[in-house]
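Novice: Each chain is listed here by its residues.
There are 2 protein chains.
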Amino acid sequence: MSTITIIGLVAAVLTTSSFLPQAIKTIRTKNTKDISLAMYAIFSCGVLLWLAYGLLIKDVPVIAANAITLIFALIILAYKLKYK
Amino acid sequence: MSTITIIGLVAAVLTTSSFLPQAIKTIRTKNTKDISLAMYAIFSCGVLLWLAYGLLIKDVPVIAANAITLIFALIILAYKLKYK
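Sequence lines, in order, name chains A and B.
Count along the first sequence from 1, then add 131; that gives the number in the working numbering.
Count along the second sequence from 1, then add 131; that gives the number in the working numbering.
Treat the hints with care, as some may be off.
Listed next, the in silico DSSO-like pairs over lysine-lysine satisfying Cα-Cα at most 30 angstroms (straight line) [said to hold, decoys possible]:
id	chain 1	residue 1	chain 2	residue 2
1	B	Lys213	B	Lys164
2	A	Lys161	B	Lys161
3	A	Lys215	B	Lys189
4	A	Lys215	A	Lys164
What the simulated footprint calls covered on chain A by chain B, stretch by stretch (three residues with Cβ under 8 angstroms from a Cβ of chain B suffice, anywhere in the stretch; the number is not a length) [as the list claims (entries may be wrong)]:
id	stretch
5	133-146
6	156-166
Keep in mind the hints are simulated off the structure, nothing from the lab.
For each residue, glycine too, the CB sits at the ideal point set by N, CA and C.
Could you build the full structure based on these sequences and the hints that come with them?
Specialist: Laid out in C-alpha cells, this is it:
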C-alpha cells in the first residue's frame, strides 16, 4: 500500500471517528444548546449524499466511512431536536 | 457532467458548508460547553490529512473542500480552547 493511500485512510478514520466523542458527550449530558442545528441538518444531508455517491461508484471505503459518520451525525441531530 | 458526479459535488458542498453555521454560532455566542473538544481536535487532524492527501494526488475538489473545512474547524477548535 502506498504512503499516499495510507494518508488517505488515516484521514478517513480520523474524520469519521471524530464524531464519536461528540455523540457520547451529547448522549451523556443531553446538553445541545451550543451545537448548531443547521450544521447537523446540512451535514447529515451531505453525508447521506456521500453514501449514495459511494454506492453509485461502488467504493467500499466511501460507503463505510459515510455510513458510520451518518449514524453519529443522526444521533447528534436527534438529540439536538429532542433536547433543544 | 454525469448525475453521479453532480451528487458527489453537492455532497462535498453540503458537508463543507455545514461547518459555517456552527462557526458563526460559536463566534457570536462564545459558548462552547456542549461542543466536544476531542471531536474538533481529531476532526481538524483528519481534515489536515485529507488536505495533504488532496495535494499529493493533485485533486482540486479534495484540496478546495478540505482547505475550507479546515478553516471552519480550526475557528471552532480555537474558540473551544479559548472559551472552555
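Novice: Confirm or reject each hint.
Specialist: Tested hints:
About 11 angstroms separates the Cα atoms of Lys213(B) and Lys164(B), which keeps this hinted pair within 30 angstroms; it holds. Simply put, Lys161(A) and Lys161(B) have alpha-carbon atoms about 19 angstroms apart, close enough for the 30 angstroms limit, and the pair holds. For the hint pairing Lys215(A) with Lys189(B), the CA-to-CA distance comes to about 42 angstroms; that exceeds 30 angstroms, so the pair is violated. A hinted pair counts as satisfied when its Cα atoms are at most 30 angstroms apart, and Lys215(A) with Lys164(A) qualifies at roughly 6 angstroms.
Against chain B, the stretch 133-146 of chain A contributes 9 residues with a C-beta closer than 8 angstroms to a partner C-beta. That satisfies the three-residue criterion, and the hint holds. Counting residues of the stretch 156-166 of chain A whose C-beta sits closer than 8 angstroms to any C-beta of chain B gives 8, which meets the bar of three, so the coverage hint holds.
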